[in-house]
Amino acid sequence: MIQYKPGKEPHPKEHRLIFKNVDRVDWDTSIERFLKEGGYEQLKTALKMEKKAIIEEVKTSGLRGRGGAGFPTGVKWTFIPPNNTKPVYLICNADESEPGTFKDRYIIYQDPHQLLEGMTISCFAVGANTAYIYIREEFPEGAQILEKAIAEAKAKGFLGNNILGSGFTLDIYVHRGAGAYICGEETGLIESLEGKRPYPRIKPPYFPAALGLYMCPTIVNNVESLCHVKHIIQMGGAEYARLGTPRNNGTRILCVSGDVVRPGYYEVQVGKVTMGEVINDLCGGLKQGRKLKAVIPGGSSAKVLRADERFNLKQPDGTMKEIGIEDIPMDFDTIAACGSMAGSGGVIIMDDTRDMAWVLNNLNNFYAHESCGQCTPCREGSLWMKKISDRIVAGEATPEDVAQLETIAYQIDGKTICAFGEASAWPTESFVAKFRDELITHTSTKKRGQIFNPVTKVAAAGLKKQPA
Amino acid sequence: MSNAATAPAIAAPVDLVNVQVNGTWMKFPKGMRMIEALRQVQVEVPHYCYHPKLSSPGNCRMCLVETGMPARPALGQAEVEKDEHGFAKIMWSPRAIIACANTVSEGLGIRTESTLTKEVRKGVMEFLLINHPLDCPICDQAGECRLQEFSVEHGRGESRFQEEKVKKPKNNRIGPRITLDDERCIMCSRCVRFMDEIADEPVLGFTERGSHTVLTVHPGRQLTSNYSLNTADICPVGALTSTDFRFSMRVWFLKETNTICTGCARGCNMEIGSRNDIIHRQGPRDNNNVNSSWMCDSGRLDFHWVNSERRMTEPTVKENGTHRAAPWKEALEAAATGLRGLQPSQIAIIASGRMTNEELFLARRLAAVLNIGAENTDILPRTGQADNYLVHADRNPNTKGAMLLLTPTPGQQLAGIRERVQSGQVRAVIALRENLLNAGFTADDLGKLAHLVQTHVMLNDTAGFANVALPSAAYAEKRGSMVNATGRLQRLNAATAPPGQARDDWEILRDLTLAISGQNGLYSIEDVFKAMAAEVPEFSGLTLNAISDQGIPFLETKETVPLLVREAERKAKGIIVG
Ligand SMILES: Cc1cc2nc3c(=O)[nH]c(=O)nc-3n(C[C@H](O)[C@H](O)[C@H](O)COP(=O)(O)O)c2cc1C
Ligand code: SF4
Ligand code: SF4
Ligand code: SF4
Ligand code: FES
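As you go down the protein sequences, you meet chains C and U in turn. The numbering used here puts the first residue of the first sequence at 490, with every later residue one more than the last. The numbering used here puts the first residue of the second sequence at 51, with every later residue one more than the last.
Watch out, some of these pointers could steer you wrong.
[Unchecked claim] Cross-link-like lysine-lysine pairs, in silico, PhoX-like; alpha carbons within 25 Å at most:
hint	chain 1	residue 1	chain 2	residue 2
1	C	Lys685	U	Lys168
2	U	Lys132	C	Lys575
3	C	Lys685	C	Lys509
4	U	Lys215	C	Lys692
5	C	Lys509	C	Lys761
6	C	Lys502	C	Lys761
7	C	Lys525	C	Lys643
8	C	Lys533	U	Lys80
9	U	Lys132	C	Lys692
10	C	Lys692	U	Lys623
11	U	Lys621	C	Lys575
12	C	Lys509	C	Lys645
13	C	Lys548	C	Lys685
14	U	Lys139	C	Lys935
15	C	Lys525	C	Lys685
16	C	Lys502	C	Lys776
17	C	Lys761	C	Lys497
18	C	Lys780	C	Lys803
19	C	Lys692	U	Lys172
20	C	Lys780	C	Lys923
21	U	Lys168	U	Lys139
22	C	Lys548	C	Lys509
23	C	Lys540	C	Lys643
24	C	Lys685	U	Lys623
25	U	Lys172	U	Lys132
26	C	Lys761	C	Lys810
27	C	Lys540	C	Lys575
28	C	Lys525	C	Lys497
29	U	Lys132	U	Lys80
30	C	Lys541	C	Lys509
[Stated by the list, open to error] Distance ranges between label pairs, derived from CB positions:
hint	chain 1	residue 1	chain 2	residue 2	range
31	U	Gly126	C	Pro805	19 to 25 Å
32	C	Pro570	U	Pro123	25 to 31 Å
33	U	Thr433	C	Asn651	55 to 61 Å
34	C	Asn651	U	Thr257	41 to 47 Å
35	U	Trp142	C	Asn801	26 to 32 Å
36	C	Arg925	U	Met299	31 to 37 Å
37	C	Arg665	U	Trp142	42 to 48 Å
38	U	Lys139	C	Pro501	37 to 43 Å
39	C	Glu545	U	Gly126	24 to 30 Å
40	U	Ser164	C	Gly807	34 to 40 Å
These are computed hints drawn from the structure, not numbers from a lab. Source: prediction; values computed, not measured. We put the CB at the ideal spot given by N, CA and C, even for glycine.
Using the sequences and the hints, build the whole thing.
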């Protein structure tokens, strides 16, 4: 029986695979502790397998990337050109910077060897002898924990030359990030790792699996995705695929923040719990006397869902079914069908005390600040949207400004180098579409045509309005 | 190349693909960038960051176009729907893609004038302008600004932007020759890539992020490269400007003349911008066999002397130890007279590797008329350091021509001539375009001469010793041809007229020959070329016109151009279009 720290016990609706050791009593990050728990056993199994067979298991498992896009991991691994003669790299994306997302850090801080084992198996499968953990700059201690874990694993022969006598060699390096959200975008990350500004690359031609780090084939996977690989080897792909729901297999960690009684992380089988269960069961419901207003289901970039929205969804048997927000099963496909995305698993709950103009402005602030500035629509559009939403919050906008704000978002969406363009546009697109009236109540029909947002005046002053 | 598909041939040859451009099926080489394919059929796609000689970051997004891929048979469906030409129906994508980095493929459709394309362009254009100063009337780029041009064509015509614009540094001297206005920068990164990929001095880069991004020079560094002015050329807006040229003349007043730089044996293809016989700027012209799209700063800026006070503007003759201005006829006669009583072995010709083929040919005729031997004929070699880019160690632009026409071993006779001047064996020297005091001769040597005839563009110390000094035309004031280091025959064209009474060298040489021998028959530079073609086998069959603005391969020299070699490598790797 695993014992968890008081108050940190998993909810019965959780299914702990990746977070099995998070918040455990008598648990630490040492390799000894990890080995006592059967650590690195899956590595031993994998090293005896054919590389192709490992990739097949991962494909069979149906694992989809937990970094944001939900792309099937096994399929991604097969994109390395078959006739490749260059070195192959694997990068663990530990930049975790999507607002509302806080899962990878617990793996790193509390269970680093799980990640190292998952990475080593993955590297073996894709033929990488060098791997990097690109860790967010704001996790300095996490970087140290990983460095120590790597040294331990090396000392025990799980890393380095000729791992466990298999002939397979792997070195893992920890690289600390550069304090920018865009460093989490895989091609921006690669540029940053190469020592440059994290300017994302155009695809085509720079698909990382073919032309990645140093123009060599490179697999970029999220921390959580790589951890799942260990469990897939342990359970077998087919068995793993039984977790969750069809096409949405396995478990995933939901990071719930906002207006619930118990915000936090919850590892659940994908699609086996609904939004309502997340809010009411896992998180203990909304705060006293509050009503649900909106949910951002998959990190700040995901489109907002309104509490009273109705979603008409196609069922597997071809019939249509109308559901409400609380009935949405938390899986990739359903959330996408509802017009948003499961993204990075960051679920942001907002109750009726929240001012949507303020929320949108807060998001726009983030994107204006984090746009790398490389491509025109995102660089210019994100700041423009922020400035208009600044004015909406400050009561200096007209109803036409709200309409204009919306057109700017669509002018960015789909026109940019990287997905940040959509990430920055979707909040505005969805908030304006779904809370237009509320935004307009902040406006007045003052005269237009004057110059707003002079640099001397802190335009974000309106942010103060929000209750604590 | 004609791209229109005459008959709907479905099976294109392996290297050609069928692409529908604005409704018409055409053929293009497989893998060609869409923007280049479209250019080939006169469809211009507006663009900023794309430059065929640089890598493609795809950052400006101006070249977004609507495209579609051929339909694929659905599951269980044998055939796809075909259009009337037999091509698979195109599935148009709601998402525009960039034409600069994407390539053409079989069955692709491109629409550059569709609603989607136009809307996207309008959007990108608006974004480019919202934080731009929009003070074209006081911007030096006006008239050749891509932002101005494309916004007229693709913009919305009025601004929706009500916020204060982002403020950035202005009037920033980032190097000895370049001034940067960051508010005008559209962050296309062309300059950054040029300094990194071509000039190998990656001192330019961006700091800050988002709309606050600032182009700047690396802390503690300056943009000092001898290729820095190319960044101002490729900057599509008025952000990077030439400190030398900025605000000296509105570009629409400039007359453009295609010629070549005479700063070294590279012979970079160049355009001179002049107005009323004053040169205001010089810049590179594309020539993929010579200088690609670039030129060095030193060559480009070496023109201020052309319009300077130090030009020789009238012929002078020395009488009783003092110089006086004289009409051309009299001066030429004086020059001839001084030569008349002398034996051929008493006369030497020191010509210049800066002379055109035509001039060198006439110098050769003059030598023949005077019966001057090879030991008394030479040019002055001029060397410096090669730079592994374009600048050649040979700083004479036409050594190759001189070797062919006048002296096969340039510089080998100079010492001998000087000895014979000192010993009194050589009594007269005809110095063409060279300052003998720079050619190893001392004032004492020159003082020993009975007769010194000199042609030159600038007043110089040799002129003080000359019995006859004849003012001639600068490179920008003449027509003619030269042979560069790689053996390419190239053409000079006249941008401005020579000052005062200065005359084109070929005319001076013709008239001098005439004054000595009475021979004539040459009325134009074309005549000179014709005579040269009749006499010198290498030129046979050629005319000055046939050389064209791009020059023609002429001599085999086995030399390569370092910069071009590297560009070819990048092209082979697909990094650049070339
Ligand atoms: C703006 C932006 C930021 C991103 N940030 C992260 C991040 O912090 N962590 C992450 O794992 N993936 C992030 N991604 C997604 C990565 O590009 C990439 O898809 C992912 O790391 C792939 O891993 P996966 O397939 O295992 O999900 C980001 C993407 C974008 C567009
Ligand atoms: S979309 Fe935004 S973040 Fe992505 S490359 Fe363009 S400017 Fe940078
Ligand atoms: S200075 Fe000019 S060339 Fe350089 S990035 Fe800015 S706009 Fe482009
Ligand atoms: S490399 Fe030589 S020919 Fe070219 S611009 Fe410089 S000096 Fe002139
Ligand atoms: S020209 Fe800039 S994106 Fe294509």
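Just to be careful, I want the Cα atoms of C/Lys540 and C/Lys643 compared with a cutoff of 25 Å; is the pair within it?
holds (22 Å)
Are C/Lys548 and C/Lys509 close enough, with their CA atoms no more than 25 Å apart?
holds (23 Å)
Range agreement (Cβ of C/Pro501 with Cβ of U/Lys139, hint 37 to 43 Å):
violated (54 Å)
Distance restraint evaluation - C/Asn651, U/Thr257, Cβ atoms, bounds 41 to 47 Å:
At roughly 45 Å between Cβ atoms, U/Thr257 and C/Asn651 fall inside 41 to 47 Å, so the hint holds.
19 to 25 Å as the expected CB spacing between C/Pro805 and U/Gly126, which holds or is violated
For U/Gly126 and C/Pro805 the Cβ distance comes to about 20 Å; the hint holds.
Taking 25 Å as the top limit, are the C-alpha atoms of U/Lys132 and C/Lys575 close enough?
violated (42 Å)
Given the hinted pair C/Lys692 and U/Lys172, is their alpha-carbon gap at most 25 Å?
holds (23 Å)
May I ask you to test the hint 55 to 61 Å on the CB atoms belonging to U/Thr433 and C/Asn651?
Since U/Thr433 and C/Asn651 have Cβ atoms about 59 Å apart, the given range 55 to 61 Å holds.
Tell me if the straight-line CA distance from U/Lys172 to U/Lys132 falls inside 25 Å.
violated (33 Å)
Given the hint that U/Lys139 pairs with C/Lys935, test it: the Cα-Cα distance must not exceed 25 Å.
violated (52 Å)
Does the beta carbon distance between C/Glu545 and U/Gly126 stay inside 24 to 30 Å, or does it fall outside?
holds (27 Å)
Does the alpha-carbon distance linking C/Lys525 and C/Lys643 stay inside the 25 Å limit?
holds (17 Å)
Checked against the numbered hints above, the structure breaks hints 1, 2, 3, 4, 8, 9, 13, 14, 15, 18, 25, 30, 36 and 38 and satisfies the rest.
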